[in-house]
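Peer 1: If you want the building blocks of each chain, they are given just below.
4 protein chains.
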Amino acid sequence: MASRKIDQDKDRRVQSPAAEGRWQTALTSITPNKILIRGYPVDEMMGRLSFAEAVYLLLMGELPTPSIGRMFNAILVSSIDHGVTPPSTMAARNVATTGAPMKDSVAAGILGFGPHHGGDIESCMRFLDNGLAMVRGGKKLQDAANALVEECLSQEQTPPGFGHRFHTRDPRASRLFQMALELELEGEHVPMLRAIERAIEARKDKFGRPMPVNVDGAIAAISADLGFDHELGNAVFLVSRLPGLIAHAHEERTRQTPMRQIDPKDHDYDGSDERRLPGNRK
Amino acid sequence: MASRKIDQDKDRRVQSPAAEGRWQTALTSITPNKILIRGYPVDEMMGRLSFAEAVYLLLMGELPTPSIGRMFNAILVSSIDHGVTPPSTMAARNVATTGAPMKDSVAAGILGFGPHHGGDIESCMRFLDNGLAMVRGGKKLQDAANALVEECLSQEQTPPGFGHRFHTRDPRASRLFQMALELELEGEHVPMLRAIERAIEARKDKFGRPMPVNVDGAIAAISADLGFDHELGNAVFLVSRLPGLIAHAHEERTRQTPMRQIDPKDHDYDGSDERRLPGNRK
Amino acid sequence: MASRKIDQDKDRRVQSPAAEGRWQTALTSITPNKILIRGYPVDEMMGRLSFAEAVYLLLMGELPTPSIGRMFNAILVSSIDHGVTPPSTMAARNVATTGAPMKDSVAAGILGFGPHHGGDIESCMRFLDNGLAMVRGGKKLQDAANALVEECLSQEQTPPGFGHRFHTRDPRASRLFQMALELELEGEHVPMLRAIERAIEARKDKFGRPMPVNVDGAIAAISADLGFDHELGNAVFLVSRLPGLIAHAHEERTRQTPMRQIDPKDHDYDGSDERRLPGNRK
Amino acid sequence: MASRKIDQDKDRRVQSPAAEGRWQTALTSITPNKILIRGYPVDEMMGRLSFAEAVYLLLMGELPTPSIGRMFNAILVSSIDHGVTPPSTMAARNVATTGAPMKDSVAAGILGFGPHHGGDIESCMRFLDNGLAMVRGGKKLQDAANALVEECLSQEQTPPGFGHRFHTRDPRASRLFQMALELELEGEHVPMLRAIERAIEARKDKFGRPMPVNVDGAIAAISADLGFDHELGNAVFLVSRLPGLIAHAHEERTRQTPMRQIDPKDHDYDGSDERRLPGNRK
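Listed in order, the protein sequences are those of chains U, Y, G and D. No gaps in the numbering here: position 167 of the first sequence is 167 in this note's numbering, and each next residue is one more. No gaps in the numbering here: position 178 of the second sequence is 178 in this note's numbering, and each next residue is one more. No gaps in the numbering here: position 49 of the third sequence is 49 in this note's numbering, and each next residue is one more. No gaps in the numbering here: position 75 of the fourth sequence is 75 in this note's numbering, and each next residue is one more.
These are calculated hints, taken from the structure and not from any lab test. Keep in mind that a hint or two might mislead.
Any copy, or any two copies together, can satisfy a pair, since identical chains are not distinguished.
Under the rule of at most 35 Å between Cα atoms (straight-line distance), these lysine-lysine pairs were calculated in the DSBU-like manner [to be verified]: (1) Lys-139 / Lys-204; (2) Lys-34 / Lys-139; (3) Lys-265 / Lys-140; (4) Lys-265 / Lys-139; (5) Lys-34 / Lys-206; (6) Lys-204 / Lys-34.
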């Protein structure tokens, strides 16, 4: 909605440039030869914080606990890539095939994180909060979840955070929930998601196809329990998938002829066979 | 350059769709309920690899050693943000003030990683390789470095990877070199950069201002020693700075009035005072 | 909203690639040595249709009448540039100062056509349609307009299509309305906008500042009367402003030093003095 | 190249904010209730200049003659769309299928105007200027053209501005040349392009496939003769193709299911049959 608050607007339009004074930022302090990220010297962070922990610090303002640090690393790993078929990946590859610079491919890919793709995290966070508002209004958890699912069915909508094009059980979601449980990071959003999962299972005949919790749903619930607001929950997916966009743009440029017609369905995987992490890895 | 190889072109233009056959990707294998990143199940990676290690795996094809994993985490932390003044950050904030979605701000910011900003890493990698080509051609290391610097001076160019708008000594570069040394990850590019540093010092009167190694130079030399090719070296900066773009776009949307006129010079920092990481942190 | 219709979704996910069959496009037919835009040979259009008329044909599917052609040319001219202060222009200049290619500056500028800027056309079209729905429901025109304005006041919102940062009377809006009248192209949306204008005037004390119809409002009403749907109404602004983004990016690259800190308030105009079109011009 | 002139750089880095003074723009003057584009009141331009003429004025600084106005309208019409197969169009459609806003699709499409696509205009302008430099150095026109073509052959490159994926004779190029001739707008670039065309014809066995002048070549030669510099010549294509990107993004959103897998080869045209412009049209 384009309209603005009248007062806010009046403020903005009427005040003279001089009266505007200066504006504030609380993220990073830059002085000669010193860079403080949320108060911490960046050179002190290097080598002592993982990148994921530094991202958490920058976005949330405080250091994560070690448990949250492990959880957030896993969240970022979970969506790092999903092969060639996502439209965002296709957008990146279509830009790469024209010989455009890497950053252009990546920007085009990010623009493809639309409401139906990536944006699902934000939708799911709102969906869970709607359920929790019912609970705070007196409804029991499962009743609230059932009500949410009935509303989706009556509007013929799939519940955000559920269902997947390829997977009937999303291995990333399962692993995220297992870690949240072990690290004792569950709040009220994960149980709400679980209740919705049960409500969907009870009505599975109505959906006509498997409707598993997907990775977006798991990230939404756990990010909400970690205190991320909706907009930043969505941004988590951006950070996670960026390396995937880079890798596909780079592969397109180095393995394919320029200006080709790219059919996302017409490909084969010729990479490494399945392998296991060495046992001593963490 | 827009021209293309005739043969490549002929291929592309002449072949019928049927003859094209299928195309290949070696990054990620997607089958129902299983996602393999370079052969490793993503759910197995979660909790066992840091995000930075997973990025390295995806881009380079193999797991990093623990030392490389630490180094790569530090590289990604080093450029996570640099306050409000970079033009890329200003592009992101100018898009955010129009009420556009987060991802639009981020994409605009990424487009601002032009040749003069971010792109310096790729330029520096080429610069170092030029020097190393001279060494392989028989020149001594310092002579090659001196020749590179003289060429810059004769063209009135600043050497890529050197000089900074705000800092006379870049604390991020120093820390990266210290870690590369301690983790025994120096190859031939770091010594070449060091030799160029000495060559610049010897001619410092000609530059007229301090010309310290900057963080781009340090990332360029170390990434090259880790085996990153030029395009991916540049992409490292994209991954690193993305959270900064997100944080600024989010702050713009949550702390400022919409449609404001943003002067990058006209701001104050009102965030956390300087503080130290707790002693038990790694 | 990220959710999708269940059936649509089922379709999409369940169907096999083979069953998908082929997809259709009705815009442009390409066969060897022949290009038909909505059925017309493009080489026949060249020299006989103005660019604006060709844009109308491509977007709407049929040739404009000569009157509509004149109107649409004027609409596109109206928003061609608005100086350096719009945030979209600032985004384009901030990308240009990094040395990025022209198209990157332009793309960043387009991303700055957010809900508060450019997007106002779409909001205003919906606003007018809300009023017309009341009229169709039995309300008199002015009563419907009054009701819309009261609702804005009760929510402390400015009516979309009204008010301007710099102008108390928008010369572009006046000219567009004059042309629509003379060319007899007014439908029901222009009168609705005029009624809203009167309703605002009657309540001007409540708004606390001048609230003239702006160019977005005029484009919205006239585009709606020409039959553009909401999304395309918005796109009209994209076509119109693109040359402005190009001109600013080009000026930034050719007149300014790279990597500068750009303050939108801190500039002077040093271009041509005011001049008049030659009398024989149309 | 990321390096900068030392002096320029010193300037930029050393000067204090106060000393920077103000910056200049010569494009558009904005004062309350008055908007001057290159000195002309925009409301006076509306209805008297076609959009293409206004674009020319904004980019070039002066009004086009009526002949140049007709030529520039035709240039902009020539590349308005080329069906679904260009990678830029595919990038726009892949973003549209995710539910992203129109402007995001358009921005992604613009990012696909890479060196191999759209960027060809700039390359061809440089190519022609290389030939003209030889002529100014004393070579005869055809000898210069022959030399350019031989150099392409020796490097196995296709000459920029020649060859097409679909067309063996590009109807847009022919029409543009016909108009430039009739309107007496040929300068030295068009004859140079024609000489290159003859040189290619004489060596056609070496290219192994038809290598007609394409629309990029024609735009490059004529734009250069009109006085556009290289960067703006390229921008002409941006203005021309933007409506095509909009039309495809809109069609994708209104005719197709979201999140589909888009194969550029797998489509049919179901639009209007071929038809002719009414005889009274200009």
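Peer 1: For every hint, state whether the structure bears it out.
Peer 2: Comparing the hints with the structure gives:
1. Proximity of Lys-139 to Lys-204 under the C-alpha cut-off of 35 Å is restricted to the intra-copy arrangement: shortest distance 23 Å within a copy versus 46 Å between copies.
2. In this homomeric assembly, Lys-34 and Lys-139 never come within 35 Å of each other (Cα to Cα): the closest approach is 52 Å inside a single copy and 38 Å across copies.
3. For a Cα distance limit of 35 Å, the shortest separation of Lys-265 from Lys-140 qualifies neither inside one copy, at 45 Å, nor across copies, at 53 Å.
4. When the C-alpha separation of Lys-265 and Lys-139 is checked against a cutoff of 35 Å, the pair qualifies neither within a copy, at 46 Å, nor between copies, at 52 Å.
5. In this homomeric assembly, Lys-34 and Lys-206 come within 35 Å of each other (Cα to Cα) only across copies, at 26 Å, whereas the closest approach inside a single copy is 60 Å.
6. When the C-alpha separation of Lys-204 and Lys-34 is checked against a cutoff of 35 Å, the pair qualifies only between copies, where the shortest distance is 23 Å, while the shortest distance within a copy is 57 Å.
The structure fails hints 2, 3 and 4 (numbered hints given earlier, in ascending order).
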